[in-house]
Amino acid sequence: MSNQYCSILQSPLGPVSIFADDQYVQKITFREPSDSDNQADSSTLTENELTKLAVSQLTDYFEGRLKTFTLPLKQSGTAFQQEVWSALLTIGYGVTRSYLQMAKQMNNVLAIRAMAAANGKNNLAIVVPCHRVIGSDGTLVGYAGSLWRKKWLLDHEREVSQQGQMTLKF
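Residue 131 in this note's numbering sits at position 124 of the sequence shown, with consecutive numbering throughout.
No lab work stands behind these hints, which were simulated from the structure alone.
A couple of the hints might just be wrong.
Stated by the list, open to error - Below 35 Å or equal to it, Euclidean Cα-Cα: the simulated DSBU-like pairs (lysine-lysine) are:
1. 34 x 74
2. 59 x 34
3. 158 x 59
4. 158 x 81
5. 59 x 128
6. 158 x 74
7. 158 x 34
8. 81 x 34
9. 81 x 111
10. 81 x 128
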């Protein structure tokens with residue numbers, strides 16, 4: 008069994024937990040006060056170079072200085088989920104795509120619901136940009152980190168890049 012490490016970043020969206028082993032960042036999640044699975048006692052956290060690098064890159068992202076992450080990533084999932092997560096990495100900073108557009112990109116227009124489910128299982132918030140996927144009509148739909156965070160992330164990227172959808176519908 009490999010070593011496990013964790014860092015906590017205080018972000019504009021609340022605390023973010025970053026988990027890694029010796030080789031890969033494996034999980035980046037928003038911490039909720041009631042979510043005991045996502046919380047670690049900060050006095051007992053053991054960080055490593057990967058979790059510190061993730062904190063640095065996420066800090067730069069939140070400050071508008073970083074648009075592309077260069078972290079070694081690995082999360083467990085089915086072959087289909089891995090394919091969806093890889094497709095998410097092709098969505099540029101400040102750009103949104105609908106689930107339908109994603110399904111067409113993956114040459115599987117019948118997989119919209121399955122893709123949405125895989126999107127919801129993404130454990131690498133922000134870095135694997137599932138927040139950039141919206142409804143076909145431009146509405147914000149589904150985000151494990153809460154829709155207000157999704158809106159904040161999209162607004163942030165739009166402002167920094169001066170591109171993207173100008174108005175988000177609810």
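Hints and how they fare:
1. For the suggested pair residue 34 and residue 74, the alpha carbons sit about 19 Å apart, so the restraint of at most 35 Å is met.
2. Restraint check: the Cα-Cα separation between residue 59 and residue 34 comes to about 13 Å, which is no more than 35 Å; the hinted pair holds.
3. For the hint linking residue 158 to residue 59, the alpha-carbon distance of about 26 Å falls within 35 Å, and the restraint holds.
4. Taking the CA atoms of residue 158 and residue 81, the gap is about 26 Å. The hint holds against a cut of 35 Å.
5. Straight-line distance between C-alpha atoms of residue 59 and residue 128 comes to about 24 Å, which keeps the hinted pair within the 35 Å bound.
6. The hinted pair formed by residue 158 and residue 74 meets the criterion: a straight-line CA distance of about 17 Å does not exceed 35 Å.
7. With a CA separation close to 21 Å, the supplied pair residue 158 and residue 34 stays within the 35 Å bound.
8. Among the hinted pairs, residue 81 with residue 34 is consistent with the structure: their alpha-carbon atoms are about 8 Å apart, no more than 35 Å.
9. Only pairs whose Cα atoms come within 35 Å are accepted, and residue 81 paired with residue 111 is accepted, the gap being roughly 25 Å.
10. About 13 Å separates the Cα atoms of residue 81 and residue 128, which keeps this hinted pair within 35 Å; it holds.
Hint compliance for this structure: no hint is broken.
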